[in-house]
Each structure stands twice: as C-alpha cells, then as structure tokens.
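Novice: Top to bottom, those sequences are chains X and S. Counting from 1, one number per residue, gives the positions in the first sequence under the working numbering. Counting from 1, one number per residue, gives the positions in the second sequence under the working numbering.
Hints are not guaranteed to be accurate.
[As the list claims (entries may be wrong)] With a straight-line Cα cutoff of 20 Å, these simulated SDA-like cross-link-like pairs (lysine to any residue) come out:
hint: 1; chain 1: S; residue 1: 269; chain 2: S; residue 2: 862
hint: 2; chain 1: X; residue 1: 22; chain 2: S; residue 2: 599
hint: 3; chain 1: X; residue 1: 28; chain 2: S; residue 2: 566
[What the hints assert, rightly or not] Computed, partial: chain S to chain X, Cβ under 10 Å:
hint: 4; residue: 66
hint: 5; residue: 280
hint: 6; residue: 284
hint: 7; residue: 287
hint: 8; residue: 556
hint: 9; residue: 568
hint: 10; residue: 588
hint: 11; residue: 590
hint: 12; residue: 598
hint: 13; residue: 840
hint: 14; residue: 900
hint: 15; residue: 903
Because the hints were derived from the structure by calculation, they are not lab data. Where is the CB? At the ideal position from N, CA and C, for every residue including glycine.
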Amino acid sequence: MRKILFGIFIVGLAAQGCTNVKENVYDKLAANQFYSTPAGADDALATVYGKISGTWSSNYAGRDNCWYDLNSFAADEQVIPHRNTGDWQLDFAQLYLHTELPSLGIIDNTWNWAYETIYSANLAVTQLTAAKADPSKIAEAKVMRDWIYYLLIDDFGDVPFYTDNNVNPSSIVQTKRATIYNFLVTDLKANVDLLSTTRGGTYYGRFNKWAGYMVLAKLYLNAGVYTGTPDWADALAACNVVASGGFTLHPAAANSASLLGNSYFDLFGDVCPNDETILAEYLTENVVSGNIYAIRSLDSPNGTALIGFDGWNGTIIPGDFYDKYAANDIRKLQFLVGPQAGGSIYTETVSASIIAPGAAPDDGIRDVKFFPVAPSDASGESNDFPIYRYADVLLMQAECNIRLGNVGAAAPFLNQVRERAGLSDIAAPTLQNVYDERGFELNMEGHRRQDMIRFGTFLLPHGVAPNYSVPASPSYMLLFPIPTAAINADPSLKQNPGYQ
Amino acid sequence: MPGSVKPILNPYSMKKVYLFKYGLTVLLLICAITVFAQKSAFTGKVVDEANQPLPGATVHIKGTDKSTVTDANGKFSFPSSNQSAIAVTITFIGYDLMERVITANEPVNIQLVPNQKSLSEVVVVGYSTVKKTDLTGAVTNLTTKDFNPGAVTNPLQLLDGKAAGVNVTSNGSEPGVAPTIRIRGLSSLEGGNDPLVVVDGIQGNMDLLNQVPPSEIASVDILKDASATAVYGSRGAPGVIIVTTKKTAAGKTSIEYTENTSLDVIARKLKELDAAQWSAEANALGVDVSANHGSNTDWFDLLTQNGVTQNHSLAFGGGANEFSYRASLTAIDQTGIVINTSYRKYIGSIVATQKALDDRLTLTMNLNSGINDATYEPNGVGNAAYSSDLISQAYISRPTDPVYNTNGTYYTDPNVFQYTNPYAVAETVKNNVNTNNMFGSLKADLDIYKGLSAGWFGSWRKRDDNNGYFLPAASQVTTAVEYNGIANISNANTDEKLMDIDLSYKHDFGKSHFDALALYEWQAQTYNGSFEQMRDFRSDVTTYNALQLGNIADYQSGDISSYKNDRRLISFVGQVHYSYDNKYLLTASFRRDGSTVFGIDNKWANFPSAAFAWRLDQENFMKDQHTVSSLKLRVGYGITGNQQGISPQNSIALVGLNPTSPSVYFGGQLIPNYYYTQNSNPDLKWETKKQANLGLDFGFFNDRLTGTVDVYTANTDNLLFNYTVPVEGPFLVTNEFANVGSLQDRGLELSLSYAVIRTKTTTLTLAGNASFMQSKVLSLGGDIDGYNIPTNYVGWGGGGNGYLVVGKPVGTILILKHTGVDSQGIETVEGESGGGVDQSAQSKYRYDEGQELPKYTYAFTPSFTYKNFDASMVWRGSGGNEIYDGVQAQLSLLENIGKSNVLQSAVPLGIHSSPFNSDEWLQNGDYLRFENLSFGYRFNFAENKFISGLRVSVIGQNLAIITKYKGLDPEVDLSGDSGSGQDYGTYPRTRTFSAGLNVILK
C-alpha cells in the first residue's frame, strides 16, 4: 500500500513538471532580442529623438518644467508670476528673480532629462555600431550626444562625462567644462561631415549636416564663456558652412491665411518651413508631446475665445522687454495687451509683487508667438518648435564679424533680419544692436539666457521695479546649481561655487 | 436520532474529529444511545449560549460512576432511582463545567457558558491542526463568539480590535472598499505587507477573504510569528490569516437566517465658510466681485446622504453519518453616504463531505460563487491632482456658486482651475465595477495504515473584473468637455490554481507523540486583461455600453491595451510536531520554494523554522498550588520570505512603448517610440525575514485571569525596493527593483482577559489587548549589480514630509518649523530667507518630528451576559503617530478664497499664502474610538415546534472618537506604504446604527 502510494506521489509530481520554474513571457519584449536587428537599431536612434521631444517635465521644449523653462525663465524675456488668487507655484518667478535654490524641480528635471538622453544616445551609438549601420546614422547619434553635452556645460559647467554605457558609474567623474568643450569640438568635427545633407523630408526634425555645424557654431560662439578663450573666427566659419546649406529667411508678408495675419508666424506654426528652419522639434498634441507656450500664457476666457480651451493664465512678458520693440516691428504681433477677445483686459504693468501677494489675474502682457494650431486641447497645441533657424545664423555671423572688427561685413547679416521685421537698416551696427535684435527675433525660443551671458547682461539689474525687478546678481549665478537630488545620489559631485 | 446507526469509533478519523466540535459529540452520542435505556425520571436538556441543543455533552452524577451524554436534541435522562434529587456535572468541549441539582420528574433546561479560553479547541497552523494547548508559535485563534457584531461587509471587520498585534484600518467608509490589515507592523516597503489568506486550504490574497461571507466563518487563525508562518515560505513573511468556514456535523440539520440592517450617517464634518461668511470674507480680502455668484450652496450636504446597509444570510445543512453538506446564500446591499455610490455582494456556497472505503476515505468539495457590483465615487475628476476626488472637490467649491445654469445645465466657472462642479460629476459620471468570483476545491484524505495518511487537495479560483467608466461632457470636467465625452471598459481576469499532495504520519510511543507531514505544492496564477477607450459621443445615453459610437478620429495612443502574464510557485514542505509527556512541545518545519518571478540566478529558496514550548503547569512542582492554573512558555525562530511585491517579468530587461510619449517622429513619419522600460536584475529574489519570538500564556485563579505576552524581533533582509539608479553603466532606466537594504521590526504584544463575574446567570468579562511596535530602516541602497547605489532620505508619505532614513523609523517626519506670518500674510518658517528655504529632504531646516506610523495600538473589549441578555463593547485606539493634514493645509490659505472655499478656522489663522508644507499642518494622530456597542436578547423556544432559537440585537458602530486631530478622522492611510500618514480628503467615515435578527429553525 505504502509503495503504491509513493509511486502515485512520484508519478504525480513528474506529470506536473514538478520543479519547472522557468518564466513565460507573453506580452512584453525582451531587450536583448529587440535591439539586435537593423530595424531595432533604427528604433534606438528614434528613441533619442523621442527623448528630445519627451513630455511633461522631461523635454527640450514644448511642454513644461524642463530645459526650455530653465533657460527661458532665468533670462529677462518671460516670467510666470504667482497670482493673488493662489495660482502658480513660485518656481518660475524664483528663476526670473535669480533666487532659485539647488532643490528646484526644474533644475533636477533638466539634469535628468539630459542624462537620460545621453544614455539613449550612447546606447544608439553602441547598437548602431554593432548592427553595422550606415555611418551617417552612427554620426547622427554621436552629434545628438554632443548637442546634449553642449546644453549641459552651458547650464552647469563641470558635469559628469561618459560616452560608453558599459562602464562602472564610479568611473564616471565630473569633468571640467573646458575638457568637455574640447572633446565636443573634436567629436563634432569628426562626425558632422558624415551627416546627411538632406533638408526636410525624411530629415525633418533630425540632425543633418547643417544642424551639426550649427551645434559646432554655437560651441565656438560661446568658447569664451566655456574656456576663457573666445574663438570668433571658427564660429564664423561654422556659420558659413551652415549658410552654405541654401537657407533663406522665410518671407514676412501680410497674409490672412497665416497665423496672426503674417506669414512670418508660419515659422512657429504646425510645421517649421524648410527655407529657414535648420532643426525643428516635431510636436503634435498628445501624439508627440505638445506645445504649451500660447495656452500657458492666455487667461481662461481669452483662451476659450481664441482656441476653444481655457487658458492657463501663466506666462507674461516683462514690460521692459516688451517696451524695447519698435512700434512697427511685425514681430510685435505676438504680444497681447489691452482688451482681448473673451473680455480679458491684459495690463502692461503688474500691480503687486510676483512672489507675494502675487499679480492680479489679468496683470501682464501675453504672448502667442506659437499661435495655437490644431490638433489642440486644454493641455497644449501642435506647433513644432524651431530649435535652430537661419535668422539665428545671420545674427551670429553679424556678431562674429563685429567681434572680429569687421563692422561693415556685419551690417548686411543684421539688416536682413531687420528688414524682414519691417525695420530700417543699421549701417554700422554695434554689439548692442545685435544683442537687441537677437532678443526681438529669437525670444520665446530658448536662446536668451546664453545670449545674456555672452553679452555680459545676465548679472545686471533688469525687470520692472518694484514688482518684478531683478537686482544685480553675483557672478556664480552664471551657472545653475547642480541639483540637490543629483548630489544626494552621487556625493562625489561638487556643487557649483556660491550655491549651498 | 434513530438507533439503527452503527456505532463508530475509528481512531484514525480523530484528525477530522478535532476539526468539528459537533463531530465528536455525535460519536459519543451514538455510544450513549446504545448504553442507556429510554425511560427516565431525571431528565433535562443542555443548550449552548445560542439556546441551541448541545448533543454529546457529558452529564455525570456526582459521587457515582454513572454518566450519560445528551442526544441529538440536547436531551438526557437517567433511570429513576430512590433519590428525589441528584447533583450532576455537565461538561462539554469549549464550555465551562456546570453543576446542577436535578429534582426527579422535573425536566430542566441547562445552558452552558462558553469557555473564555477554550483549551481544547483546535487551531489550524498551516497545513495541519494542533490543540490550542499544544501551540508553540504566536497564533491568535478567534471564533464566532469573538467576532465583532453589526453591519459587517468584509470579514476583516470581524477582527478589528480583537487580536494583539493585528491592526485593521479603514480609511473612510466607501462601500466595497476593503480595510487594510497589518500583522505585527511592516515587514516590507514595496514587497507587500498584506498577509497570505488561506480559506479552507485555498491560498490567495485579500480579495479571496472578501469573497467569504462573514456570517459563514467559523474561525479565524492568525499566524503571527515566523515559527508559525515559515511553513508558507516565500509568502509567509507578512503573516497568515487562516479562515475555516462553518460545516454541518453529520446527524444534525439546521436552517439559519441572519439579518442585519443599519442606518449609516456621517460621523464628522469639516466646518467651512457658508455663503454669507464666504461673501464677507472675500469682500474683506478684496476678491473681485465677479467671483461671487450669489448662490447659497452647501456642496458637502448636496453630495451626501444617509446610507443603508443590509446583510441577509440564509444557511442550511444536514447529513447522515457518512455524508454532510452545508449551503449558504448571503446578500449584502449597501447604499453609500456619498450620492450614487453603492455596493452589492451576493455569495452562494456549498460544501459537501462524503466518507467511503469503510470511512478511511473522506472527500470534501467546496464551491463558492460570488458577484460584486460596486458603483464608486468618480476619481481623477479635478484638474489639480491633489484635489481630484469628489469629496475634496466639494470642500474646495465656493458656497456662492450655483449648482445649475439658468438653462438647466450644470454650472461651472471657466476662470476656476481648481475644481469642477462636484454635483455635476456625481450625477453624471458612471463608474461601475462588476466582479465575478468563483472558487472550488476538492480535498481527499485517505487513512492508509496505523497513523499514516495521504491527502490530495486541489483548488481553482477565477476572478473576472469588468469596469465601465463614462465621463460625459455634461459633467463639466475639462477633459470630458474637450473630447465631448470619454468612455472606457476595462477587463481583468485572474486564474489561480493550487494543488497539494501530502503524506502524514502520527504515532504515540510511550510518553512521546509524533506527528509529521511531507507535502508537495504547486501553484499557478495567470492574469490577463484589456482596456478600450473611445472619445467624442454624440449622445450620453449609451454611456460606456456602446464604445463604437465614439469618434475614431479622436483615438489616442494608449486608448487600447491588453496584457497577460503568469507566475508559478513550487514548494516542498516538511513539518514535525513532537511532544513529550504533554510538557515539552517541539515544532519544526522546512520549506523549499521555487518561483518563476525570481531572477534567473535565484530561483530556489529555503525557509526553516523551529519552536519549542514548555507547559509548566503540567510539571509536578506546579501541582500543589492553586494560583496559577495554566502556564506555558514558548520560544520560536523562523525564516520567512515575501515575494508579493515581485511581479512577473520583473527580473528581465524589457523594451516597450514609452507610455508618456508612445510615438516619435522619425524619418518623415510617426513611428512607435520603443524604449527601455525595465532594467535586468538576474539576482531578484524574495525578501528574507528572520524573526524570533518569545511568548508566555498564563491563567490565574482557575483561569479567571488569562493572558498572553509575546515579544518579537524581526529583521527583513534583501529588502525589495524600487531604487533610483543613475542612467549610467548597466542601468537602462532610472529605477531598479532590487533586494538591497534591511528593515527591523520589534514589538511587544499583550492580551488579558479577566472574568469579574462568572456565575450561571451572569458573566462579566473585561478583556483587552495592546501592542507596541517599531519598524526601523536599518539600511537602504548599497550594491546593485556590482555598483554602489547610495540611497537615503527617500520621500515616504506624510504630505511630502515623511522619509525613509537609515537608522530611523519608517516614515520619519522631517518638517519645516512654522514661525508665523509676515506682514503680507505669507507663512514664514525657520531658516527662511527671501521667501525661500531649502526644502529638499536633507535640508538642515527640516527637524525630526516623530513618525507617521502608530507606535502602539490597543483595544478594550468588555462583555456582559445576564440570562438571555448580552452586551459587549469594543473600544480601540492607536497613537504615537503624526498626520499631515493636507486638507487643512489646502483649505486654510486665504489667498485661495477667490477660487475656493476655506475652513472657518482659516479666518483667525490669517495665513494668506504659503510656499511651504510646514509643521503648522502636522497633527498628533492619537485616537480612541468607541467602535462597537451591542445589546442582544435571546428568546427561548424550548417547546416550539418550529423555532429553536431567536436572537435580536441592536448595535452601534463608531459611536464616538476621542482625538485631538482636527481633520475628519485620524484613521488615515496607516498601511506603511508611500502614501501613509497624510490626509488629503477621503470618503467620509460613517456612524452606524443597526438592528439584527437571527432565527434558527428546527
């Protein structure tokens, strides 16, 4: 009896596959198989672009609380005041007033976004190399990585630097800004000529040769800030290569079919036009992130009247920035001030401190440079974002020429931009003229902080007293603090001097 | 009872006999019938506390060797003698000894009183049972007489306050939302702290428990220490709840109907400004008159009502000697106190037992089928995440807003971002969940030869959830207006199978008793489901019932999804109980588990345990004293595991679509955005909990005073946590689920019961329990995949002020110190400069202000009976914890008044705005709740032809609370999860008044 039962017991166990604990996978893809095909390698490259457009709290531009907000609100061109109705956190006003602390979420988000993107780019380089992909694709991944490192050293100075994911994190050390600069210049020079020369089409929203040179030009342009030694000649040379790509300024003409009634604003519409755009960020609301820059500015009834969705009543344009525009500047169409559709009345002034008790609900000038295009909803629109465009190159060429002493050569570059905006020429432009023009032309596009630092205005008092004036800032503020969370995770990181 | 039945006294069926109180009585009864003649002069009837006949009670004539046992109707008789009266003692397992004098020819009715400590009862410990006196581990045994009475919709409510170290918390009274239970605090952070539930051998999670009708539960055994739970290996660490349902003993038939109806009212309300007060205050603060819409609306009142809860249960059963069955049908119908919330639960169950092969084989089959229909309050309907549930929306809504526009549509103010019309949401949003639940099991026990027996057990459980959600544009919720209605259906299916094969052997040699078990267990769980969503509906009539009527052009990525995964657990178990001379008891167990969800390098795990108990009261040196009536010392040690928190495929690197941006524009077109979703962790494994327990069970003065003290210490190593890792080296994403770190639990538990009065008509028992516990983080972070990942100061509830800090209790509160308000009415805190302060976790301005989990819990449960009348109370409380009152924080800032209502207390406080979450909103969480008060009366129908018992009762629940907490209720989320110790507004808690009826038919 006992034997029989034991027999049954053992047979029973065997029939059940009694000790099999191998895992079944039904609904997921194992990473080691996925990226080992050529199609997977392309996906690895696409993933990097996916990181760039990202989404809330993790994006280059379009949504909020990341790189764009950090670099725009720290400058003098826009701010989100705290409202006396209790709306809006203080983060944006603190950045504008240069009172941000290392624990500010936007700083941490930018840092994490940058390193996640670098990780994806490193991964793409590895996967593409392993898949023996077209050299232009490998170069594309490397240039994207270089671009993110450029953004990082621009904001933070000395940062952790690595180009191979398969290393021990303890070997990844905080590297001098100048050292990274040198690496980036070398790496870009080795790769930009491998990139495709195609503009638009399958390369819309991607790094082609011209976008690659644009990154190189930006590095050289700010070489003085990064290394202490300016390199205007190389900056000009790189700009000239970009210009050789055949770009022209998108025409500005009254046109009822265009946004805000002028074809100039096509540049900030659904698709960035190929004539002027060097690198665009593709955005479609709820499909690929989204663009919030107009709805974030409009108040609720005005938003409803203009686009059918309640505005967020956030961003305003500081009065001193707005006042510098000439009355006939077509770019001034982007600003809303005074009575508006829906009954809102935006005032140019702000009635009380933007920190406390906060601005009144309709205080402040609004901005619709990215006038909403469909599909849109209450959380954003579908306007693509111009990361780099030809007008920027022209102004860089003007700046380099002036800095190299060729004022005469500079004038045509500057004046092309001015003429399109409906302004008169300046025969002998100064650096101040170029700086101002960069503000007029490139506001709301994420360039302002870098420009203010290069032109030496970042630390000077600005804003409108008493409610949003920024006093003179200490020089350590030329760099953002390393985020507190990053230092907590890696205690070997050194905080930038001046921050606690 | 016909006399034709063959008497049976098979020693090998004793194991089953232990299981059923009535089983033994039947056997004795049959003996009795054959021994004694029928004629009598001294007659009587023995009944239990429910006035139910007690068959099989032993009636002994004092001073003689004559005794008898009661028959199926509880009746007994002695042949006539010369005496006019005799003195008898009546004994019955589980009841106090009773003495009576019986007069000849005067039938008596003798009601026995249940033991306060039923030493003879059996307790289910894992895969076997032991006598309560032979327990070696920390186990609490509760039976029907211990359960909380009243409007009970979930079995956990039966246990509330009744066991030391077992904490049942309900966060609000939303119909259909189960309370949480924690046994001895926390043993894990993210690995799961819900105990394993075993219902008549079927293992499962807390939902399985919810599927058992509360009125059908005969006993609940709670295994607390590792020496008791180690037999469940990698599922045993958070404790085990073993539920045994009622069975009908052979030879007895019964029909029982139980009913309870309650009225549920709101126990406490927040005091907010009414319309006039709001207008005055808004005016004083210079709020634009356009914000005042001139109505007078009490939103909270509008959204709430009195609720009604009904419980009906019909159970019947019967059987002959080799066969018995019990069937029950339970209906629970609850109307919530928030409008349009309800819960209905129907459960039918049948259990049948058949013996065969000369009673050597016993087959037991169990079938349970349940339907749950719930209509929950809609969530996620506000624009701001912190206030998106309906009740919070009602708090924020201005009292001057109208409910309707003049055209009859629901009013909403487009200038207000903070809330949408909560009444519109409550009236128009559909959120229905239907759950079908079915489980069955078959158990076969075969007595092979002289103490050797074999068993087979198989169970299969299926659970199907179907959730329909419709957010119409009429709700005025922003996204619904934007998309002209959103509807979705989600389905989730669970399939759980289990099989056990066991061999057990029992033997007595000399003074030794030996009982061993070897068991193989196989478990498999499969989960699959889908989600479908459409937007833009022409009409609201079809709600979520016709998704095809939505507009396909509005499809968004994520609107359709499906999943499937499974897990298997394979185990080998050995367990030995050994006792010598009834004094020294030893239990040892060993379990080896293999699981599919563990990483490839760690598929198998071993879990040993041992416990020893010494019954000092059995020793000779204790014989000559009468103070100590029982005394037992227990020590135990065991290793248990926890794998609840590990999901299938948690250990391998995965690629999926990026959920937040599922598409990417590349190569001139939109393509799916694949990215890494999970890091690989081949070392992923169970958490290891090593626990030592020392306990003492005692009874004094003939067990008038009884009690238990336990102390324990436990370390959970290989702590599962979702660590933040740098996106560098081998890490693909910013977090990794890994076994690093450890947690320490220490505690003391005490329960006491004192029978102040113990007479045949009156009993008064004072009982209570208390437990002290502390869960401390010993280490976090460390070596993950060969890389040093320092981790500390991880945010953990407490309104953003709770943290996991190495060396401190779980959920340590580190908070900014409120110092007042400045001239502009802005809150100031210590260390502030220029309106800002470092608010990061390790900011030097955060100070340690205690912890978010209670340090102690206690309960006081007195009971009283007088003849047929009974009364009982439950008072329970906890303390030593702090709560961040997020509701008060949010409703106290005067700057919000233009777009929100505020508390009345906000006005004198005068804080205009605040950029901080300071200790101004942190409050002491101590409370003592008058949880239950019950009165019952039992009518005797001794001579009635149809009714054998009838009891009526009235019960009040949550009658009062003593606390300094200013929020709605201090019983917030205290589960120890990352949302603990904070109050952001929940479904209100009810105060309940109910009346109950219990009828037993003959």
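Novice: Now tell me, hint by hint, if it's right for this structure.
Specialist: Hints, verified against the model:
1. S/269 x S/862: violated, 30 Å
2. X/22 x S/599: Holds, because 10 Å separates the two Cα atoms, which is no more than 20 Å.
3. X/28 x S/566: Status holds; Cα separation ~12 Å.
4. 66: violated, 43 Å
5. 280: Status violated, d = 18 Å.
6. 284: Result: violated, 14 Å to nearest chain X Cβ.
7. 287: At 8 Å from the nearest chain X Cβ, residue 287 of chain S passes the 10 Å test, so the hint holds.
8. 556: holds, 5 Å
9. 568: holds, 6 Å
10. 588: violated, 22 Å
11. 590: Violated, about 16 Å.
12. 598: Result: holds, 8 Å to nearest chain X Cβ.
13. 840: holds, 4 Å
14. 900: holds, 7 Å
15. 903: At about 15 Å, which exceeds the 10 Å cut-off, the nearest Cβ of chain X leaves the hint on residue 903 of chain S violated.
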